[in-house]
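Read top to bottom, the protein sequences are chains Y and S. The C-terminal residue of the first sequence carries number 224 in my numbering, and the numbering is unbroken. The C-terminal residue of the second sequence carries number 1337 in my numbering, and the numbering is unbroken.
It should be emphasised that the hints constitute simulated quantities derived from the structure, not laboratory data. All residues carry an ideal CB built from backbone N, CA and C; glycine is no exception. Treat the hints with care, as some may be off.
Said to hold, decoys possible - Negatives, chain S to chain Y, calculated, CB over 10 Å:
| id | residue |
| --- | --- |
| 1 | Phe-1037 |
| 2 | Ile-1059 |
| 3 | Ala-1172 |
| 4 | Pro-1177 |
| 5 | Lys-1181 |
| 6 | Thr-1244 |
| 7 | His-1253 |
Unchecked claim - Facing chain S, from chain Y, some residues (calculated, C-beta under 10 Å):
| id | residue |
| --- | --- |
| 8 | Ile-41 |
| 9 | Lys-94 |
| 10 | Ser-153 |
| 11 | Ile-171 |
| 12 | Thr-173 |
| 13 | Gln-203 |
| 14 | Ile-205 |
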Amino acid sequence: MDSNVMKEKIIRKGAEANLYYGHWFEKLVIFKHRIPKKYRIEELDKTIRNVRTLNEARALIRVKNYGLNVPQVYEIDTKNSIIVMKYIEGEKLKDALESLDNSRKEEIFKKIGRYIANLHMNGHIHGDITTSNIILTKNQKIFFIDFGLHEYSDSIEDKSVDLHLLKRILISTHGKDFNMCFKAFLIGYQEEYCKEAREECRQIIKNINVIETRGRYVKKEERL
Amino acid sequence: MESNKKICLGIESTAHTFGVGVLDFEGNVYSLVNDIFTPKEGGLHPVLVKEHHLNNFMITIKNALSKANCSIKDIGLIAFSDSPGLGQVLKIGALIARMLSQILKIPIIGVNHCIAHIEIGRLMCNIEDPLTLYVSGGNTIVSAFESARYQIFGETLDLSIGNMLDSFARDAGLAHPGGPKIEKLAQESNKYLELPYVVKGMDLSFSGLYTAAKRLIESEQYGKNYNLSDVAYSVQETCFAMLTEVTERALAHTEKKEMLLTGGVAANKRLQKMIEYICKEHNARFEVVPFKYAGDNGVMIGWTGILRYKTEGGQNVSETFIKPKERMDQITVPWRD
């Protein structure tokens, strides 16, 4: 990286990577640096960081085709596990959600549902749909970030797991709004998915319950 | 021992440990006595565990009382583990608790075992609002307090970590409990063999890792290109890295400033080191529950019973069901509000 590229200040220490704000050829950018994690041994660390950086960068480029708002990728540095991408100004959905009124919440989750359905229909699994990984911009656009656990899959199981994770996050982090938000999400998801494959969509949603019952300590009568 | 109605007897009986704890309502512990069932071979067979507990409960309770230097008449509250665990074993604890409650005419209260692990950690480590990684033979849970409950942020989707380590150890010919033996073996190696690393969001899966490790020791290469220490080292490094990763995710997501490590597997030094590392990164205070209280014990049941008793009062004997499959996030914790 040369002098036109400047890492300026750290804005977030995530679990996996540090995010730095900076400039890249006069563009405002985010440097997503997957720093070495010294808690794990080097062999494992290198593989994980490398695989996820490449995976994320590829995913960010490909999912654009399906109408998703994701940050533009400018540069990929696989050696140091850095992705340089466009800076998206906005607020994490996790922080923004509280202050929104109910109809707005529903509207947003319906939209998220449609976006995720689009991803799934085209064989993409986000892998980590949480409210921390969705950004609301000032002009009310919904951006998806963090595709580090992205996978390609057409299986019902993988798609259901993706939805199951969102459900879990909503319960644990936004307990009060869970019912409304997840319902709205499923409505959006179904609307979009059923355009192409009604039966498959039905199975994916049904399978969420199956996954839940596989969890630990589920009552016998709730088991399938 | 003065002020008679302020002493609680806690009975832990969810799995292989029959534990009795005597403590007062301020959290002062007078005694902790465990009687742990160790199988001669294989794993824990519920029927054998049940028989062991039935044969030994009397002597264990007597021991605990005499160590605490008090008589059974000093006890003012009975707490027992009502969930989750092996049904047959839970029944024994409930049976003894109901009996004592009726004979002594004192209140009884059922306690969730997982919540008890967190509560005793909060008491012993003097910690207020931690993110907890609870790793044992029965559970692998990342949990924190949120909207009136101990919410589960991440958990295993199949085997628990301790179960996986023990099962692998058993396949490798090591006697129960296998965890400590694997830890020791792992220290002798630094040769990493690739194993499946499965993290789904904040959830984990260990069954693939277990099968892969088992195949390694059944392979023809075993003993030639690598030995048991190498496999133990690789298993430990992989599964603990997975645990640490999801814990770090949860720490970043919940933004808690305290971290508690508890459960039987918490005794593993390598795991402690890894979790400590991420706590430093996120400026969180890190505490490991003292070994005595990290494993299953009666004191934690007693303490959680006291907390619930103080806010909600006791239960009727007719209400004391055992709930072998109850999840900790199904229960409200009124004393935390």
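Okay, the hints, checked on the actual structure:
With a cut of 10 Å on Cβ distances, Phe-1037 (chain S) stays outside the contact zone with chain Y, its closest approach being about 21 Å. Look at Ile-1059 (chain S): its CB is around 31 Å from the nearest CB on chain Y, clear of 10 Å, so calling it non-interface holds up. With a least CB separation of 21 Å from chain Y, Ala-1172 (chain S) remains clear of the 10 Å interface cut-off, as annotated. Distance check for Pro-1177 (chain S) against chain Y: the nearest CB is about 20 Å away, which clears 10 Å, and the non-interface claim stands.
The claim that Lys-1181 (chain S) is not at the interface with chain Y holds, since no C-beta of that chain comes within 10 Å of its own (minimum 21 Å). In this structure Thr-1244 (chain S) is not separated from chain Y by more than 10 Å, as the shortest Cβ-Cβ distance comes to only about 5 Å. The non-interface label for His-1253 (chain S) is inconsistent with chain Y: the shortest C-beta to C-beta separation is roughly 6 Å, within 10 Å. A hinted interface residue such as Ile-41 (chain Y) counts as satisfied when its beta carbon comes closer than 10 Å to some beta carbon of chain S; here the least separation is about 5 Å, so the hint holds.
Annotation: interface hint on Lys-94 (chain Y) holds; nearest CB of chain S at approximately 8 Å, less than 10 Å. Residue-level restraint check for Ser-153 (chain Y) is violated (minimum Cβ-Cβ distance to chain S is 12 Å; threshold 10 Å). A distance limit of 10 Å between C-beta atoms decides the matter here; for Ile-171 (chain Y) the minimum to chain S is near 7 Å, and the interface restraint holds. Contact between Thr-173 (chain Y) and chain S, as hinted, is supported at the beta carbon level, the nearest pair being about 7 Å apart and thus within 10 Å.
The interface hint given for Gln-203 (chain Y) is violated, since its Cβ lies 19 Å from the closest Cβ of chain S, which is over the 10 Å cut-off. Because the beta carbon of Ile-205 (chain Y) sits about 18 Å from the nearest beta carbon in chain S, more than 10 Å, this interface hint is broken.
Hints 6, 7, 10, 13, 14 from the earlier list are contradicted by this structure; the remaining hints agree with it.
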